[in-house]
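K.L.:
Here are the chains, one letter per residue:
There are 2 protein chains.
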Amino acid sequence: MGFKDSLERCKILVNSYIDNVLDENLKPYSLYDAARHLIKAGGKRLRPFLVIESCKLVNGDEYSVLPAAVAVELIHNFTLVHDDIMDKDELRRGVPTVHILWNIPLAILAGDLLFSKAFEVLFECCKTPSVSPERVLEAAARIASSVSLLAEGQAMDVDFEGRLLKSGVSEEEYLNMIYRKTAVLMRASCEVGALIGGGCKEAVNALARYGENIGMAFQMRDDLLGVIGKEEELGKPVGSDLREGKCTLIFIHAFNNASSSQKRLLSKYYGRKSISKMDLESVVKVLREIGSIDYVASLARRYVSIAKEALLKFDECEAKNNLLELADYIVVRTF
Amino acid sequence: MGFKDSLERCKILVNSYIDNVLDENLKPYSLYDAARHLIKAGGKRLRPFLVIESCKLVNGDEYSVLPAAVAVELIHNFTLVHDDIMDKDELRRGVPTVHILWNIPLAILAGDLLFSKAFEVLFECCKTPSVSPERVLEAAARIASSVSLLAEGQAMDVDFEGRLLKSGVSEEEYLNMIYRKTAVLMRASCEVGALIGGGCKEAVNALARYGENIGMAFQMRDDLLGVIGKEEELGKPVGSDLREGKCTLIFIHAFNNASSSQKRLLSKYYGRKSISKMDLESVVKVLREIGSIDYVASLARRYVSIAKEALLKFDECEAKNNLLELADYIVVRTF
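Line by line, the protein sequences are chains A and B.
Those letters in the first sequence? Residues 0 to 334, per numbering that gives the first Met the number 0, in order.
Those letters in the second sequence? Residues 0 to 334, per numbering that gives the first Met the number 0, in order.
So that you can see chain A by itself, here it is in the shape it has in the complex (with noise of 0.2 Å):
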């Protein structure tokens, strides 16, 4: 089975896993309506993925893992429905988003219980006898240090927006934002496949640098999207990264190595909330004159290359190749 059915079959089995918790007669309603609207409504599944495959490369069972790969699922998408209310973002995934469909409260409230189900859910993991409670307890830990890893990335995130024009942001900040935002979840993902999976200290630790090395090409990757992506396949409006003003790397290099009439047109618009299909593809023209998105797209693949050499002390075996195929595919994704 290749990469891309490895991932429809970890699709069908987290989704229908999903299904159980989140369970359409559970009340009140409009809470477990709010809190599942998000998930079914698509997405990639990508973090589960990685649970499942990371704990099928140290020789675990896929079925005993099937629980913290639906956990790592929960928490991403209780980010996700908390991120949209704090960037204002109306559409994800191709449909409006929780507090926009209900309102902000019951968003906050769908996030805050998506959450706390996904450590009911992660904790399901003890009844499969062969996985020790010391490391559900240890996957448990890296879940919720990560998501204090998420808050403070996108506490990060939200303060750089308005910077990077004023006094600017570090290539360096950048990096350490996204590390926080979008890298450590991945990072866990995979190290807690290799912990409920049975694997030794080494492999948790490979396993852990591949999923925060392909986290980083991910979020380069999503810069991209944001700037060159299509509206039918992003299932969001095209160049609102623009429009937001939202502090991404592309902007930060542009910014940093425009010439002056280029950062004028830049300035004006960056952060526009209104803008015309050609002016944006103006602002992109000048993007890549200056180099921006060929320089983030390299540095992805660099990500991407350092990610797979993490993956070569590993044996050769469907787990193995699928993850290799994750990673080339990551930087070459349209949505």
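Calculated directly from the structure, the hints in this document are not laboratory data.
Check before you lean on any hint, since a few could be wrong.
[To be verified] Derived DMTMM-like pairs: lysine to aspartate or glutamate, alpha-carbon spacing no greater than 20 Å straight-line:
# : chain 1 : residue 1 : chain 2 : residue 2
1 : B       : Lys26     : A       : Asp221
2 : B       : Lys26     : A       : Glu172
3 : B       : Lys245    : B       : Glu230
Using the hints provided, position chain B relative to the given structure of chain A.
P.N.:
For chain B alone, kept in the frame of chain A given last:
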């Protein structure tokens, strides 16, 4: 040492642990400042006290359970920060709420951070060799499911507020709501203390029953204080439950048992944003006439009796006395 001294001692232990968890050097500063704000503003630390005394009652060591005591306090504060956003409350513990002092995005994040830190801290219980990982996992599972129930309770509360005057809310619905919103975390506090303390199943269950019942009484006393409490003691404006049209047992009972002229007066002021001191007094007078205040006070005392009965089987000791005194205090407290 009496109940008050023990509570004071618990406060000191818990506060100094929290100072470490939310250290002032942690970044981003704004996020950690926001996360510290409400906890630093005060609070009775009743839930950590329940954890510690429950642990001691089953002959556990209070230092081994301290991380769990801190964890439930962090959970409690996380829910308060998020609830204040939802309820648009501007004052708590005598200080402006987090979303007022900072903003809604940072208040959401601060709450999320307190939640994840709670689990991080809880897992530190594993550092005590005599505490088994199985028991820490069981404690974590009970806290996680409590938070799910808390979210359900808060969603019910928000829903009820709009419903009381329209279609009515039954006493049973109300009891279901406060069970989730208030009682489960007090129940979990006792369970967690008994679990980490090494208590047998019967002891854990008895303490669960104790915690659940003082939780119900606690919320009813809160409802009473929302009407007859004093601003300088409560740290929030007097009569706010009336102005905000909160669905408390007092108003459920009052609307169900009022004469038509009493109902007219209640309806006139219930949910009205601004109300004079004299009008507030006339509402309280009517609530007394209907018997709603006595009704809620006597029901609260009944829950306290059930709670105390649950402790009968335990041998006499300081922890037992403390928990018995706490149960009595809950229904006479003025803040």
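K.L.:
State for each hint whether it applies.
P.N.:
Quick rundown of the hints versus the structure:
no., hint, result
1, B:Lys26 / A:Asp221, "violated, 25 Å"
2, B:Lys26 / A:Glu172, "holds, 12 Å"
3, B:Lys245 / B:Glu230, "holds, 17 Å"
Against the hints set out earlier in the document, a violation occurs for number 1 only.
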